[in-house]
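Number of protein chains: 2
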Amino acid sequence: MVSHVEIEQAAHTLRNVAHRTPLYHSSMFDRMTGNRVWFKAENVQRIGAFKFRGAYNLIASLSEEERRRGVIAHSSGNHAQGVALASKLLGVRAVVVMPEGSVASKVDAAREYGAEIVFCGENYDDRARVTSDLQAKHGYVLVHPFEDPRIIAGQGTVGLEVLQDLPELDYLIVPIGGGGLIAGCSIAAKHLSPSVKVIGVETEKANDAYQSFRAGRIVRIARADTIADGMRTLAVGTLNFEIMQKFVDDVVVVRDEDAIAMMRFFLERMKTVVEPTGAVAAAAISANRLGVSGKKICAVISGGNVDIHLLRTLLS
Amino acid sequence: MVSHVEIEQAAHTLRNVAHRTPLYHSSMFDRMTGNRVWFKAENVQRIGAFKFRGAYNLIASLSEEERRRGVIAHSSGNHAQGVALASKLLGVRAVVVMPEGSVASKVDAAREYGAEIVFCGENYDDRARVTSDLQAKHGYVLVHPFEDPRIIAGQGTVGLEVLQDLPELDYLIVPIGGGGLIAGCSIAAKHLSPSVKVIGVETEKANDAYQSFRAGRIVRIARADTIADGMRTLAVGTLNFEIMQKFVDDVVVVRDEDAIAMMRFFLERMKTVVEPTGAVAAAAISANRLGVSGKKICAVISGGNVDIHLLRTLLS
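Here the protein sequences line up with chains A and B, keeping their order.
Each residue of the first sequence is one higher than the last, beginning at 2 in my numbering.
Each residue of the second sequence is one higher than the last, beginning at 2 in my numbering.
Simulated from the structure, these hints should not be mistaken for lab results.
Treat the hints with care, as some may be off.
[Stated by the list, open to error] To give an idea of the interface, some chain B residues facing chain A are shown, with a C-beta separation under 10 Å as derived from the structure: (1) Arg256; (2) Phe267; (3) Glu269; (4) Val274.
[Stated by the list, open to error] Here are the simulated distance ranges between beta carbons: (5) A:Asn289 - B:Ser106: 19 to 27 Å; (6) B:Ala105 - A:Arg16: 42 to 50 Å; (7) B:Arg215 - A:Asn289: 57 to 65 Å; (8) B:Pro195 - A:Glu169: 41 to 49 Å; (9) A:Arg32 - B:Ser196: 39 to 47 Å; (10) B:Lys297 - A:Asp31: 31 to 39 Å; (11) A:Gly35 - B:Gly115: 19 to 27 Å; (12) A:Ser28 - B:Glu169: 28 to 36 Å; (13) A:Arg32 - B:Arg21: 33 to 41 Å; (14) A:Leu311 - B:His26: 22 to 30 Å; (15) A:Glu205 - B:Lys297: 34 to 42 Å.
Even for Gly, the Cβ is constructed at its ideal location relative to N, Cα and C.
Modelling step: build the complete structure from the supplied sequences, incorporating the hints.
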């Protein structure tokens, strides 16, 4: 398990390194939804997503000997950039395994931060295999994208900051990929305010956590062809699920279209660029999946790294 | 003339009504340009642009009798929305004259705020004629887009906030359309910090203020076919020019392409939506039109109301 103490330690580790991201607000969104809503803007976090927090917290915890060995991670997106930047700041060598079809701008960003890129096949199993081969051969330390107490504690600082800034909050809404963000956030939130409800959100096409939450065991789905690329993991982590069962109040789903409409609202009305996965939590409010009004709600914008070509398509 | 006292009074009038907008920062932009740069984010001001400040300050100053008559303004963009929202908040009837070809989203926004829309022909003279006809017929009070001390004082609160937040600033960079923003900002900035340099920026295709500043008299250009639609005024106002001559240190120009490249940087790297005009001041830094390094610089992002179709085109 992970406790709030580890999240507070992570906050200390991240002080002056990660941004304390702002809370955005839109009077129009409040009027449209009948609630008082804030958005935790992790799209303006370093590397453009919350993933930097966990990666830095984990790599900062390594021993001198582990740091000398270097780290390895696999990711097609934000985790790659998080590991790359954290490693650079901490002076650790980083290898990132990315699928061949990765978006060029994401590959470039990881490379800019000094990571060594190794390409692999498209599917998750291939990625994991290439990673563990390299790990075995070179002795790199694995930085898992979600299934690690130090990752969970790092991501949990998002929830810590929200409840510090908004102690009277009724609902905290968090997107679920592998479950690292919601696990950490729920621990921090319930510690600071036992009455706050923590709600996870997925898209319908990637509803493994939704199914798992209802079944009371981890359900693995066969595919996740959702626009929300941060939700394409097929099952949440074991540790993450344990925490979710204890601290998360519900998991709801939205359609891909709801997430896209929310992205457009963020762009047109709030002038902020949000990636599809980053719009999913807010979409649960705009699509009225909570069925509440008059509440104080914070939705986490998990990231803003949307490829400019995808953005163009979505604006059509 | 307008003095800093009127700008401080405007700040008082706008307290709890206009947003005190944040200063954005990008370490990457600092590295790229060799300066320490902040961006004053008026794209997240109410109505998505600084224009709300001046409009509200003017309409709030009207007598009971004038308020009963209602106000009129002509604009194809942000000024229309500013007048519409300010009027709504102050309980004043507003008529906005807009060219027939105005962007639908801008017309809708002004209408949403409760303004009555009157359409007119495309050119500036036609707009002005329709406006003065209606004004004469109905006794409306004109809210000029830039040539009025109360407008200038309202827009000047942008500069006031910047110098309050950044007292050590070396350069304040401001886009020029009709000159209301730079006139107000230069008065406030020089009052709070006589050593700060205030630099105006236009696009090459709308360089009337650039020419005027060099000629020492107002130069009117024949056309202004620039992507920066907030700069399509053909000459700055008389009062605005007087103030510019006293308080502005230089006027420089950038190409439309520089503004578009800057918009893309804002979108991709800083996750913020900026309209072409709003990117022009920052573009003067990225295109190295100042020729300085190691300086503390603030560029004003004047607005973020870019039409989604235009945005799509610009991303191609």
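Do the hints match the structure? See the list:
1. Arg256: Interface hint status for Arg256 (chain B): violated (21 Å vs cutoff 10 Å).
2. Phe267: 9 Å, holds
3. Glu269: Given a least distance of 6 Å, the restraint on Glu269 (chain B) holds.
4. Val274: Status holds, d = 4 Å.
5. A:Asn289 - B:Ser106: 19 to 27 Å: 24 Å, holds
6. B:Ala105 - A:Arg16: 42 to 50 Å: Given range 42 to 50 Å: holds, Cβ gap about 47 Å.
7. B:Arg215 - A:Asn289: 57 to 65 Å: 58 Å, holds
8. B:Pro195 - A:Glu169: 41 to 49 Å: 45 Å, holds
9. A:Arg32 - B:Ser196: 39 to 47 Å: 45 Å, holds
10. B:Lys297 - A:Asp31: 31 to 39 Å: 36 Å, holds
11. A:Gly35 - B:Gly115: 19 to 27 Å: Cβ of Gly35 (chain A) to Cβ of Gly115 (chain B): about 21 Å, so the range 19 to 27 Å holds.
12. A:Ser28 - B:Glu169: 28 to 36 Å: Between Ser28 (chain A) and Glu169 (chain B), where Cβ atoms are some 34 Å apart, the hint holds.
13. A:Arg32 - B:Arg21: 33 to 41 Å: 22 Å, violated
14. A:Leu311 - B:His26: 22 to 30 Å: 26 Å, holds
15. A:Glu205 - B:Lys297: 34 to 42 Å: Hint violated: Cβ distance 49 Å, outside 34 to 42 Å.
Hint violations for this structure: numbers 1, 13 and 15, all remaining hints satisfied.
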